[in-house]
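Quick note, the sequences are listed as chains A, B and C, same order.
Sequential numbering of the first sequence, starting at 51, is according to my numbering.
Sequential numbering of the second sequence, starting at 372, is according to my numbering.
Sequential numbering of the third sequence, starting at 308, is according to my numbering.
Read the hints as simulated data drawn from the structure, not as lab findings.
Take the hints with a grain of salt, since some may be wrong.
Computed footprint of chain C on chain B, listed as stretches where at least three residues anywhere in the stretch have a Cβ under 8 Å from a Cβ of chain C [claimed, not checked]: (1) 560-573; (2) 576-589; (3) 614-621.
Not close to chain B: a few residues of chain A, all C-beta gaps over 12 Å, as computed [stated by the list, open to error]: (4) 99; (5) 170; (6) 197; (7) 243; (8) 265.
Backbone N, C-alpha and C define an ideal beta-carbon position, used for all residues, glycine too.
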Amino acid sequence: MRRAGWVLLALVALAAAGAPWLAPNPPDVRFDDLLYAPPTPVRVLDGGLRAPFVRPLRVVSRVERRFEEADRRVPLRWLTGGTLVTAAPDDGAPLLVLGADGYGRDIFSRLLYGARTTIGLALLATVLASLAGALVGGAAGYAGGWLDGVLSRLSELVLVLPGVYVALALRAVLPLVLPAPVIFAVLLGIFALLGWPIVARGVRAIVLAERERDYVLAARAAGAGPVRLLAVHLLPAAGGHVAAQATLLLPAFILAEATLSYVGLGFPATTPTWGTMLQDAANVALLGDAPWTLVPAVAIFVVVLGVNLAVQGSGRAPVQLDR
Amino acid sequence: MAGLLAAGLAWRGCPPDESPEPRVSVEASPIRGGQLVASIRGEPRTFNRLAAVDQTTDLLATLMQGRLVRVNRATFELEPWLAERWDSSPDGRTHTLHLRPGLEWSDGTPFTSADVLFSVRAVFDPVVGSAAASSLKVGGRAMEAAAPDDRTVVLTYAEPSGPGLRLLDMLPILPRHVLEPALEAGTLADAWDATTPPGQIVGMGPFLLREYRPGERVVLERNPRYWRTGPDGEPLPYLDRLILEIVPDQNAELLRLQSGAIDLTNSELRADDYLPVRRAEREGTLTMVELGVSPDADGFWFCLKPEVKRADPRFAFVRTREFRQAISHAVDREAFARTVFLGEAVPVWGPVTSGNRLWFSPNLPRYPHDLDRARALLAGIGLEDRDGNGVVEDAAGTEARFTVITQRGIGYYERGTRVLAEQASLVGVALDVVPLESGAMIKRLLACDYDAIYMRPLASSLDPAGNPDYWLSSGSAHLWNMEQGKPATEWEARIDALMREQARALDPLERRTLFNEVQTVLAEQLPVLYFAAPRLYYAHNSRVRGVVPSVMRPPALWSADTLSVTDAP
Amino acid sequence: MARFLARRLLFACVLVLAVSSAALLLTRLAPGDVTAQLGAFAPREEVERTRARFGLDEGPLAQWGGWLARAARLDFGDSFLYNRPVGPLVLRAAGNTAMLGLTALALATLAGVPLGIFTGSRRGGTLPGLVRAVSLACLSLPPLLTSLAFVFVAARTGWLPAGGMTTPGAADAGWGAWVADVAWHMPLPALALALPVAATLERLQAQSMGEVAGEPFLLAAAARGLSRRRLVLRHAWPVAVRPVCAVYGLVIGALLSGSFIVEYVTAWPGLGRLMYEALVARDIYLVAACAATGGSLLAVGTFVGDVLLVAADPRVREV
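Can you build the whole structure from these sequences, using the hints too?
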């Protein structure tokens, strides 16, 4: 089971990393005639076995979202134009593996590119939160006294607050519309701010315990200063815990990005991320006609499942008690 | 034309026995009783029509209050309402209205001309500061009201008014016996706010307030003392109860309409929503109605305020009409309609669309899709692509590159700006679209802190004299140069003069001719560009009968007293 | 014990004060203000009146001071969006959120804990394996996804209302009918919220049951010949439930967190949706009141969690 989890995560990471190569179409190209188009079936039979091909879709009624297949065959092109496989997007015959969204953009390509943004943001935020948490926890655990008191109270306060509301409030008090790179930085900051106490608490406890161990006392007797003690001896001892906590932070941050983008306070709608793609699924009355718009939800589920499988049995509280 | 003549008759004043009675278009034998659930998007902020002019307050005033005359939202004719007939002086300044006999307020107090006097006094009272006053002023001054007896009111305008009595459609008639103390104390603007106990709100409309649960719904019940009767002589409304459910999200509204939780909405459908509605129509649960072409279209304009833009090198060519005409030529309006409105739109070249039947002019200058002509126009003012990067620039090297701000989150705006940017780029004008949230956009609009903007300003009235703020240079909605005070160009001065004349003219044909000239000037100078106006559709539950659809909002509830349901208990 | 309680009470008051003050100041410092809601063409006097009414013409600190002083007299200001005092508005929304949260909590506990006992007390077998797999899947379904999925299913099948708390038109049919109506609308959001939490509790309970299974005291009891049911329920579970109790405070926090998106997607008229709209509209006093109420809910929740923690693990009392 654990292995299955890591395999899932590895697949997702590979897909995200290889997005420019795996995506049949650029993520922001709009096929104006193919709004909410269904996934393009790839066929091999046409009076005999042929190379895989697609039939271009023609719009019959825009308003009723009815399409029909043209008679001509458009063979798939492999390893051309920097992509693994594509059809003929410039010719009105794009390969829409998972259909198109409300602006006629390829959902599959946006999913891959969106994975980069969403997972990238979550990963960076996890690293940042872990670093910050380790430092603060280490300082608090080592120093003790009033520093420990202040930092502990602070982290307790942050831990108690429901993460989604704090993120919402912090984001909402900034200008509501910001360019995508700025939003990336803002969300990074907010997530790190919310995530560090989780790591800090455990690190503090470990440092507190390790502080009195023989090897630490010996190092101190040998003249090592606090910084060296922390960096070389104490924090590495907490390394395993930090890693475990970090693995749990990742899906929490993915979800936070999805939630914020879904309610319109995350990335702008043109930027492909899993959260902004879910906005298309907000019009529930139309979901039945275009269920492929729910694919980002499946993607999120896969990642979270992967993490849960991977950390299963490690004795930690499972992911759902997230911030 | 017929509507125009009928309206003209009403303006001139007809002999008492020839007044057109308000038409009640209902089905043969509507069932009495039952309840209907409608959705509204915004919370009621107040029940006092003088204190706010937003759509929800307006709707509630339509449902709970009466007025002297009514402009039928479907035929655009003037109908007697609380006033059963009227005479007007030949100079169009004095109007004598005769009120219907035996009318009562919902609490039983008799309705008299003193209430009308009070209402006129209240709307123009400076302490109240009602926003409704500006649309009731003629020649910038308030009207005078006198009441020779209990059933007669004499209104005197400061100058002849083209719209004439149609202005009174905007005057809420308020109960003197309830609100006069507040007016005397100077607190009328705060009266009847959202926390008012329902029993205190007295009106002459078809419904009374029963309950308001904030965040949830407003419950109205029929007014047993409503004056209007149906064709069968029995009092209206047919419904026992009307519930206004507060649903801020349009997606949720559609869902509820589909599932039957609500019977009708107060806004037209979006093009994206036609599919499930058409399906429901085939199944028989919903009825889809075509309202007509929208009277408003999305507009695109540059800020042309000289004081702010003078230092901007791009202003030198933006202020020429050739530049704007070039963009108008560059846009393929058919493609625009296809992409933005999924084909359900008509091309337009001015602010008055064919949906505004009385005032639309089909003979305005048009700008057919012609890229060569556009490029030629640009070259004519010195804009060419000298460096081959696809964007034209002038001799000094200033590129024709602009940012276009628009309100984010609205599908039509986002699609519209995208198409506009793509098509403008074909002739070398680069437009970078920046979606903003509405507060930020409004702020920049007011401060002229933008290059260009794309949005749909809603006209409050189909009659152009009812929108002086848009047409007149001194107007607060003079979009391309807000609050400029005086005309900055010769053609703006011409429009000012024509609009004033038009507002004073009594002959409807004369008014039309004058306004056509205004539209022509606007179409030649193009301070604002228009591309396409959507065809509006509306859907309601099939159990609702007696819907008289209107292209203006609210599409169905403007005639709430004729609504009935098929399954009343 | 009394000291512990007093400390927690103090902490709660500090929390509520800090959270609401922070919300007030943040909203005040945010770009834009509530007058944007008046629209592009509002007359200047109305804009000025609104600014004065919401204290926007004084400095942020002065406004905060004034708000604190008035709050001490239980006057929390007006809301622009609803044009009425903030207190009853927020209380009603908080009540709706609490209703939802408590129902979800009950559902999660009633489903998760017994299932956890079941799977934890058996080794192998297809049914426990199935439950474990379903649990793992539900664990990975955050409230955002579950609420979207449920609303979709409800809209297509019509088995349950696809959102909202009450049926439009069920205006005044009496108290009993209102309760029934709300109960009819409750399952969708409550399930969406409860599902992942139930799965978590199940996993946790199963884990701790499994750990307890090998304990000597249990072996001794088994040797005495007690029935399996007595073993599990009377001897194993009281020990195994302690980690679950310890975690309850976090559970309540997670429910409050998750309730935001569930309220948003299912249009449940709770605190989450109210606060979101207030934040976006910069309706300053409403934001502060929502934050204060949310903080209070949170404080109550964590207090309950702490009580359970103390009951579960007496060592904590020494702290």
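Each hint tested on the structure:
{"no.": "1", "hint": "560-573", "verdict": "holds (count 3)"}
{"no.": "2", "hint": "576-589", "verdict": "holds (count 6)"}
{"no.": "3", "hint": "614-621", "verdict": "holds (count 5)"}
{"no.": "4", "hint": "99", "verdict": "holds, 37 Å"}
{"no.": "5", "hint": "170", "verdict": "holds, 24 Å"}
{"no.": "6", "hint": "197", "verdict": "holds, 42 Å"}
{"no.": "7", "hint": "243", "verdict": "holds, 24 Å"}
{"no.": "8", "hint": "265", "verdict": "holds, 57 Å"}
When the structure is compared with the earlier hints, no violation turns up for any of them.
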